[in-house]
Every structure is written in structure tokens, then in C-alpha cells.
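Student: Here's the letter readout for the chains.
Protein chains: 2
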Amino acid sequence: MKAWEDKIRRVVPYTPGEQPKRPVIKLNTNECPYPPSPSVEQAMRALDADTLRLYPDTEALPLVKALSAAYGVEEDQIFVGVGSDDVLAMAFMTFFQGEKPILFPDITYSFYDVWAELFRIPYEKVPLDGTFHIGKEDYYRENGGVIFPNPNAPTAIAEDLDFIRDILRHNQDVIVIVDEAYIDFSEKPSAKELLDEFENLLVVQTFSKSRAMAGMRIGYAFGSRELIKAMKDIKYSFNSYTMNLPSQMAGAAAAADQDYLKHTVQKVVATRERTQKRLAELGFSFPKSEANFVFASHKTKPAREIYEALKKKDIYVRYFDKPRIYNYLRITIGTDAQMDQLFDALEKILR
Amino acid sequence: MKAWEDKIRRVVPYTPGEQPKRPVIKLNTNECPYPPSPSVEQAMRALDADTLRLYPDTEALPLVKALSAAYGVEEDQIFVGVGSDDVLAMAFMTFFQGEKPILFPDITYSFYDVWAELFRIPYEKVPLDGTFHIGKEDYYRENGGVIFPNPNAPTAIAEDLDFIRDILRHNQDVIVIVDEAYIDFSEKPSAKELLDEFENLLVVQTFSKSRAMAGMRIGYAFGSRELIKAMKDIKYSFNSYTMNLPSQMAGAAAAADQDYLKHTVQKVVATRERTQKRLAELGFSFPKSEANFVFASHKTKPAREIYEALKKKDIYVRYFDKPRIYNYLRITIGTDAQMDQLFDALEKILR
Chain A
1 MKAWEDKIRR VVPYTPGEQP KRPVIKLNTN ECPYPPSPSV EQAMRALDAD TLRLYPDTEA
61 LPLVKALSAA YGVEEDQIFV GVGSDDVLAM AFMTFFQGEK PILFPDITYS FYDVWAELFR
121 IPYEKVPLDG TFHIGKEDYY RENGGVIFPN PNAPTAIAED LDFIRDILRH NQDVIVIVDE
181 AYIDFSEKPS AKELLDEFEN LLVVQTFSKS RAMAGMRIGY AFGSRELIKA MKDIKYSFNS
241 YTMNLPSQMA GAAAAADQDY LKHTVQKVVA TRERTQKRLA ELGFSFPKSE ANFVFASHKT
301 KPAREIYEAL KKKDIYVRYF DKPRIYNYLR ITIGTDAQMD QLFDALEKIL R
Chain B
1 MKAWEDKIRR VVPYTPGEQP KRPVIKLNTN ECPYPPSPSV EQAMRALDAD TLRLYPDTEA
61 LPLVKALSAA YGVEEDQIFV GVGSDDVLAM AFMTFFQGEK PILFPDITYS FYDVWAELFR
121 IPYEKVPLDG TFHIGKEDYY RENGGVIFPN PNAPTAIAED LDFIRDILRH NQDVIVIVDE
181 AYIDFSEKPS AKELLDEFEN LLVVQTFSKS RAMAGMRIGY AFGSRELIKA MKDIKYSFNS
241 YTMNLPSQMA GAAAAADQDY LKHTVQKVVA TRERTQKRLA ELGFSFPKSE ANFVFASHKT
301 KPAREIYEAL KKKDIYVRYF DKPRIYNYLR ITIGTDAQMD QLFDALEKIL R
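Those protein sequence lines, which keep their order, are chains A and B. This note's numbering numbers the first residue of the first sequence as 1 and each following residue consecutively. This note's numbering numbers the first residue of the second sequence as 1 and each following residue consecutively.
Just so you know, these hints were derived from the structure itself, not from any lab. One thing to keep in mind: the hints can contain errors.
For chains that are exact copies, the list does not tell them apart, and a pair is met inside one copy or across any two.
[Unchecked claim] Subject to a maximum C-alpha distance of 27 Å in a straight line, what follows is the list of computed BS3-like cross-link-like pairs (lysine-lysine):
(1) Lys136 / Lys313
(2) Lys188 / Lys21
(3) Lys322 / Lys299
(4) Lys21 / Lys229
(5) Lys229 / Lys277
(6) Lys2 / Lys232
(7) Lys288 / Lys311
(8) Lys2 / Lys136
(9) Lys322 / Lys232
(10) Lys312 / Lys125
(11) Lys299 / Lys229
(12) Lys313 / Lys262
(13) Lys136 / Lys232
(14) Lys100 / Lys313
(15) Lys21 / Lys232
(16) Lys313 / Lys232
(17) Lys2 / Lys229
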């Protein structure tokens with residue numbers, strides 16, 4: 001061993017969904033099958049490359065103003081970051097500071113425990129019930145903070161406002177984060193409706209799914225002035241300029257086009273409903289999806305075998321080799337044509 | 001006080017250089033006065049907005065390949081991040097893990113102690129000598145790691161390869177980081193020449209200064225395979241996708257145009273030499289600059305007064321209200337026309 005090697009911090013790196021280089025049917029990372037709003041392309045074309053020589057606006061004001069107008073939330077109640085991963089990591093750093101464990105579901109977004117470990121935050125995973133639902137009463141006890149996605153991932157199950165209100169009522173002395181990466185695909189309202197009621201609520205959303213801009217890395221949070229200011233203070237304390245100019249301009253353009261967002265979501269939801277019907281006919285069961293993916297298990301064929309057989313046919317879905325969910329596939333909703341190819345392949349595999 | 005308020009981590013936020021919204025002569029944040037390579041605009045125009053729906057390449061391969069070709073460094077010896085602040089913060093997290101204090105100059109880039117505090121790394125500031133030079137012997141003692149900029153900021157003083165080699169020879173059991181944000185403006189070679197000699201050396205550079213792309217947020221590091229792999233493991237463990245697609249494409253285009261880089265640097269250096277001559281005539285003294293700024297003190301007029309008088313004339317330079325350097329101004333090199341306006345203003349202020 002070299003003398004300096006013990007100075008290196010070692011971790012087990014996270015394995016993201018495969019990003020194959022050759023053309024495949026890619027239903028494994030919950031991307032949107034449709035392009036972003038045409039206004040995004042216009043914003044990129046309009047960008048004057050000469051202005052790149054200057055540092056970007058620290059507060060990403062063009063984007064913050066557009067989000068404020070689109071959602072009717074005050075500018076000082078909005079925090080933006082380089083993808084919702086950046087926003088969430090910053091929220092963990094800012095709000096989960098106590099000695100008591102933070103609480104989140106055992107089956108959920110796989111970065112929560114990673115960030116908790118990274119920032120040395122004690123945590124406890126709260127098991128979902130037998131039907132993969134969050135038991136709200138499980139969060140009615142002393143803790144250092146609460147975070148859960150709604151809809152949850154990879155289960156695709158969404159809860160209503162009363163459910164979230166109940167969790168907030170029982171957690172008035174900590175920060176509660178609702179991670180709404182998939183909320184646009186749900187019929188349930190966003191928890192931002194509760195912002196006036198609860199100053200300790202943070203609602204996190206993203207441009208990566210419904211706005212079809214995963215390649216742009218834009219996430220944002222709504223919260224009380226006090227929460228948002230605290231997050232900004234932490235962020236600016238160690239990196240003042242993170243969101244680059246193209247993201248600020250393209251993000252602002254996309255946020256201004258809420259009609260296009262609704263249109264995209266309608267198409268994805270229509271295909272999702274069709275997909276669920278067809279998957280049921282093929283012998284799959286799944287929680288009713290309120291996201292842009294279906295979390296499905298087959299009655300006879302093990303998920304891992306289906307995953308591998310699909311991969312051989314150049315159709316990528318997501319498989320998690322983890323307790324409780326090792327017999328499930330997370331299948332992103334693609335175009336109708338892509339889903340038809342999936343159904344054809346599944347028919348052959350399951351025959 | 002509300003019940004949840006004690007859950008918030010409080011910090012003193014960093015104050016970045018002012019970014020005035022109206023047109024001024026902006027010599028306060030070391031931006032480049034010239035636009036980026038024309039290939040950057042072409043890359044932005046060529047970007048297909050439809051591809052933004054997909055997550056960007058985790059490893060930012062287009063950019064890594066372009067840097068590898070431009071600098072003759074192997075791909076697996078290159079780490080890229082969202083500005084060199086991101087790269088440096090990741091390096092602090094990965095390499096400064098011990099109980100012993102890391103060492104850096106007392107007058108240097110103001111984020112080093114911020115990151116050390118944030119990641120709870122013990123540190124010790126080593127005073128520069130009376131002429132603002134780094135005393136290399138001060139680093140010949142037990143420590144948890146070493147970091148310094150070369151050229152240093154805000155002093156603009158650069159050291160040669162032998163100096164850096166000596167520090168490395170005396171620090172073979174820790175990681176040594178040389179932060180080369182301004183190296184392109186110096187006649188001294190980059191420490192990357194020492195990569196084959198020292199596997200514990202990390203060299204960090206940026207697109208924000210000489211490549212005129214501060215608005216794009218691109219930084220990178222060169223190091224041994226082992227150091228680069230450790231940084232990637234840490235980074236991917238908590239955020240797999242940070243560099244967006246426009247940065248990857250525009251960055252690759254800029255890296256491929258080394259001729260343009262040299263041309264820009266020549267122009268800035270010519271103006272810097274002229275600026276130093278004129279500032280000396282006006283009664284300023286300063287260390288000989290090897291960066292894109294001059295760190296100057298006037299023989300009679302206090303720096304703060306000059307700073308404020310210039311600001312009233314819409315000319316922004318940087319003033320640090322800190323021990324040892326409170327009588328200095330950091331003046332970024334702008335265009336010749338901008339510097340002429342500065343000289344005119346200074347003549348009036350100093351009359």
C-alpha cells in the first residue's frame with residue numbers, strides 16, 4: 001500500500017440505470033418519451049454564446065421568476081438546483097441535523113440512505129405495508145425529520161392531501177420533505193397546496209420527467225421563506241454558481257409553457273392506462289400507477305428472468321435485486337409504439 | 001421560536017463578487033473580456049433539443065475525450081465537474097479525511113476554509129511571507145493534505161515546477177492539490193507535468209477564466225488513475241448526473257480549440273503588461289502578475305476609498321476587507337478600452 005492511500009475516503013459507488021450507447025428501447029430510467037417544449041429549443045437558439053464568459057446569476061433568477069409565474073408561488077419560496085438530486089442533497093444537509101433518526105420508507109428512492117450516510121445523519125427505514133403503501137401512523141413518533149416521495153418510487157403509488165396533512169400534523173417539530181418527482185402524472189394534488197398551512201414543509205419537483213429535460217439537470221423546491229433562505233445560505237456558503245446559463249434560460253422557457261406540460265402528461269397517462277390493461281392480460285399484477293412507470297410482478301415467471309430476456313431483445317427495463325422487490329420490474333412508459341414492442345416481446349418470453 | 005427551527009443548519013453565507021444588473025465596467029470577478037471559441041456557439045446550435053429528454057452521460061465522456069486529446073492525459077486520469085468549485089469540493093470530500101490538519105495559505109481562494117468547515121476537516125492556514133509568496137518549507141511537516149492555487153489568488157503570484165516538486169517530495173503520504181484556475185495566463189508550466197512522478201498529485205483547472213465559459217460551469221482535474229477513480233466513486237455515490245448536456249457538448253468543442261485559447265490568453269496577457277506599467281505610473285505597487293488580474297495597493301490612497309470611488313463611476317473591482325490585504329484591490333484584466341477607462345477614472349480619483 002502506498003503511503004497516501006489511507007487518506008482516501010472509500011465508498012461503494014451507486015449503480016445508475018444502464019445507459020446503453022446503441023439504439024435500444026429504453027424503459028429503465030423513467031425518462032419522457034417525448035421531446036421538451038419547442039420553447040426550449042428556441043431558448044437554446046436564442047442564447048448568445050458571448051454571454052457565457054460571465055458567471056451565471058447565482059440565484060438563477062430567470063428560472064425562479066418563470067416558476068413563480070407558472071405555480072403562483074413567491075420567488076423567495078423557491079429554491080433551484082442542478083437536478084432534484086442536488087436539491088434533495090442540499091435539503092438533507094440543511095434540515096436533517098439532529099441526533100434523532102430521520103424516517104423514510106424501506107422501499108423508496110435509493111439515494112435517501114446514501115445521502116444520510118454521506119452527511120452522517122441517523123436514519124430509520126419504515127417498512128411499507130404488504131400492498132406497498134406508506135402507513136402514515138408509522139410516522140407519528142419522535143424523529144429527526146421525514147422524507148418520502150409522492151408518488152412513491154418504484155411503487156408508483158400516490159397518496160392524497162389529507163394523508164400528507166396528517167403526517168405534517170404529527171410532525172410539527174421537524175422538517176417534512178415531499179419528493180414529487182412524479183406528481184404531474186398523478187391525479188392527486190401537489191403538496192404545495194399545504195404550503196400556507198405548514199411552514200416546515202418542503203416540496204421538491206424536477207424537470208427530468210414530465211418536462212422531458214433530464215439532460216438539462218434542473219430541480220426545484222417550494223417551501224416557506226425561512227426554509228428556502230436556509231437552503232440558499234447553505235448552498236451559497238460552498239458553491240455560489242451551480243446552475244449554468246443554458247439551464248436557466250431553457251428551464252425558464254419550459255416553465256412558461258404549462259400547456260405543453262399538460263399535453264405531454266396526457267399522452268403518457270393514456271399510454272400508461274393502456275399498458276396496465278395489457279400487462280394485466282399478460283399475467284402481471286401491480287399497484288395502480290400514478291407515475292410514468294409501472295411496478296409489475298408476473299404470476300409465474302421470475303422478474304429477473306423477464307428482465308434478462310427483454311435485455312437480450314434490446315428492451316431495457318429496471319430490475320432491483322433487493323429484499324421484498326426482487327420479483328418486480330419497474331417499466332417506464334414509452335411511446336405507444338415502444339410499448340407495443342414490449343408487449344410483443346413479453347408475449348414471446350411468457351409463452 | 002417555532003418547534004422545527006432548531007432543526008435547521010445555520011451558516012454565514014459567502015458573499016460573491018457583485019454581479020450588477022445594469023451595464024458597468026466589470027473588473028471584479030476575473031471573467032474573460034473576450035467571448036468563448038466560435039466552436040462553442042456552433043456546438044450549442046448543433047444541439048438537438050429532443051435529446052434533452054434523456055439523462056446525460058454520467059461520465060461526461062464527450063468532454064473527457066476532448067480534454068484527453070487536448071492535453072495528452074489518459075481518459076481515466078480526468079475528472080470533470082460543474083465548475084472547479086464542484087471539482088475542488090469533491091476532492092476535499094474524497095482526500096481530506098484524516099485527523100491531522102490540512103494546510104493551505106492564509107491568503108488564498110476563500111472557499112478552502114469554507115469547504116473544510118462544511119466537511120468538518122481540520123485545517124491550518126499557513127501565512128504567506130511578507131511579499132505574499134508561499135514559503136514551501138512551511139509545508140514540510142506532518143499534515144492531513146495540502147492545497148494551494150498556482151498562480152495563487154488574489155496575489156497573482158506563480159511558482160515554478162521545482163517549487164511544486166519540492167512540496168510534493170516532502171508530502172508523499174498525503175494528497176497534494178494544485179488549483180490551477182489561472183495557470184493559462186502564467187509562463188510557468190502546469191503541474192500536470194509532474195503527474196508521472198507523483199501519484200498523490202491532483203491538478204485542478206477550469207473553463208471559467210481562459211476559456212471564457214464561466215456561464216457554463218465546467219471544471220476538471222488531472223490525477224493518477226487511483227485518485228480519479230476515488231473521486232468518481234464518491235461523486236457517483238450521491239449524484240450520478242450533474243454535468244448537463246450543453247456543458248458536455250460546448251465544453252468538448254472548446255477543449256478541441258486550443259489555438260483559440262492561446263489567442264485569447266495572448267490578448268489578455270498583452271493588456272495585463274500594459275496595465276501593470278500604467279498602474280505603476282499611477283503610484284500602485286503589486287506582485288508581478290501571472291494571472292488575469294493584478295493585486296494592487298496604492299502608495300497613499302487607501303484601497304477601500306479607491307474601490308468606492310470607482311464604483312460610483314460604474315467601474316467594479318474587488319475589495320477584500322480582510323487582515324493583511326485590506327489595502328489591496330484585485331483588478332481583473334478587461335479589454336484595452338475598459339482598462340483605458342479605468343486609468344482615466346483612477347487619474348481623477350488620485351488627483
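Student: Against each hint, give a clear statement of whether it holds in the structure.
Tutor: Quick rundown of the hints versus the structure:
1. Lys136 / Lys313: neither (41 Å within a copy, 61 Å between copies)
2. Lys188 / Lys21: neither (36 Å within a copy, 41 Å between copies)
3. Lys322 / Lys299: Classified as within: same-chain Cα gap 19 Å, cross-chain 70 Å, threshold 27 Å.
4. Lys21 / Lys229: Intra 41 Å, inter 22 Å, cutoff 27 Å: inter-copy only.
5. Lys229 / Lys277: neither (46 Å within a copy, 45 Å between copies)
6. Lys2 / Lys232: between (40 Å within a copy, 20 Å between copies)
7. Lys288 / Lys311: within (25 Å within a copy, 61 Å between copies)
8. Lys2 / Lys136: between (51 Å within a copy, 23 Å between copies)
9. Lys322 / Lys232: between (36 Å within a copy, 24 Å between copies)
10. Lys312 / Lys125: Neither, since 35 Å and 57 Å both go past 27 Å.
11. Lys299 / Lys229: This pair counts as neither: shortest intra-copy Cα distance 50 Å, inter-copy 42 Å.
12. Lys313 / Lys262: neither (33 Å within a copy, 49 Å between copies)
13. Lys136 / Lys232: Result: close neither inside a copy nor across copies, 30 Å intra and 37 Å inter.
14. Lys100 / Lys313: neither (48 Å within a copy, 54 Å between copies)
15. Lys21 / Lys232: Between copies only: 20 Å across, 37 Å inside.
16. Lys313 / Lys232: Neither way: Lys313 and Lys232 sit 46 Å apart in one copy and 31 Å across, limit 27 Å.
17. Lys2 / Lys229: Between copies, since 16 Å is at most 27 Å while 44 Å is not.
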